[in-house]
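Construct the entire structure; sequences and hints are all you get.
As a plain string of letters, each chain reads:
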Amino acid sequence: DSGVTQTPKHLITATGQRVTLRCSPRSGDLSVYWYQQSLDQGLQFLIQYYNGEERAKGNILERFSAQQFPDLHSELNLSSLELGDSALYFCASSVPQGTSGQETQYFGPGTRLLVL
Amino acid sequence: AQSVTQLGSHVSVSEGALVLLRCNYSSSVPPYLFWYVQYPNKGLQLLLKYTSAATLVKGINGFEAEFKKSETSFHLTKPSAHMSDAAEYFCAVSQGDSSYKLIFGSGTRLLVRP
Numbered sequence: 001d002s003g004v005t006q007t008p009k010h011l012i013t014a015t016g017q018r019v020t021l022r023c024s025p026r027s028g029d030l031s032v033y034w035y036q037q038s039l040d041q042g043l044q045f046l047i048q049y050y051n052g053e054e055r056a057k058g059n060i061l062e063r064f065s066a067q068q069f070p071d072l073h074s075e076l077n078l079s080s081l082e083l084g085d086s087a088l089y090f091c092a093s094s095v096p097q098g099t100s101g102q103e104t105q106y107f108g109p110g111t112r113l114l115v116l
Numbered sequence: 117a118q119s120v121t122q123l124g125s126h127v128s129v130s131e132g133a134l135v136l137l138r139c140n141y142s143s144s145v146p147p148y149l150f151w152y153v154q155y156p157n158k159g160l161q162l163l164l165k166y167t168s169a170a171t172l173v174k175g176i177n178g179f180e181a182e183f184k185k186s187e188t189s190f191h192l193t194k195p196s197a198h199m200s201d202a203a204e205y206f207c208a209v210s211q212g213d214s215s216y217k218l219i220f221g222s223g224t225r226l227l228v229r230p
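Protein sequences appear in the order of chains A and B.
For the first sequence, the numbering used here assigns the number 1 to the initial residue and increments by one for each residue that follows.
For the second sequence, the numbering used here assigns the number 117 to the initial residue and increments by one for each residue that follows.
Calculated from the structure, these hints are not laboratory results.
Some hints here could point you the wrong way.
What the hints assert, rightly or not - The following label-pair restraints were derived from C-beta to C-beta distances: (1) B:230 x A:17: 43 to 49 Å; (2) A:39 x B:187: 42 to 48 Å; (3) B:186 x A:17: 38 to 44 Å; (4) A:17 x B:198: 39 to 45 Å.
Claimed, not checked - Distance condition first, Cα-Cα at most 30 Å in a straight line; then the derived BS3-like pairs of lysine-lysine: (5) B:185 x A:9; (6) B:158 x A:9; (7) B:185 x B:174.
Virtual Cβ for every residue (Gly too), placed ideally from N, Cα, C.
This is how it looks when you write it as structure tokens:
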């Protein structure tokens, strides 16, 4: 158990709908990352928040947005869903180690989204 | 831009045999490299990471990896495969900007034959 929790575990919805995925980082971790894992794209970075502020954006669609709240949990909002959005969405958290990139990211179990 | 290439989407070994999973990276700066394992229907678990302290890195479950700058490689090995090692393995590099986001390879599925 990594200490990162994600809810829900599974989500089935229809095209055009909107869903919210939730992530609680490990206690003390300030950074939250969101990744998408799909069969055709593999594991891709979506977005990162650090202590409530957006730090970096990756291949995140405009229909997707995220935020990190004062208690450091994060939510990923996916709207106008399409069939191709079906994927496993992971959240990871880390605590900064100076200015290096060697910090370990701890991954949650993921939310499996199926868009029908 | 940094990138990672994993050679072989599937690797099959017999139980007790050597495991070798290949990873090559491309980076314009000294990289931080990671190996993660994903068991079926689970999240990713860190096996080991290279942070420039030592070129031979030992991880969990008997795995180790050697950083070879001249070959831009970070291959993962285990002397003797166990049935429980069957999983998907991902090599990743940490982006060298303020984000430290991970860039993953396409993954290698390890099959262990009895």
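Verification of the hints:
no., hint, result
1, B:230 x A:17: 43 to 49 Å, "holds (45 Å)"
2, A:39 x B:187: 42 to 48 Å, "violated (30 Å)"
3, B:186 x A:17: 38 to 44 Å, "violated (52 Å)"
4, A:17 x B:198: 39 to 45 Å, "holds (43 Å)"
5, B:185 x A:9, "violated (40 Å)"
6, B:158 x A:9, "holds (11 Å)"
7, B:185 x B:174, "holds (17 Å)"
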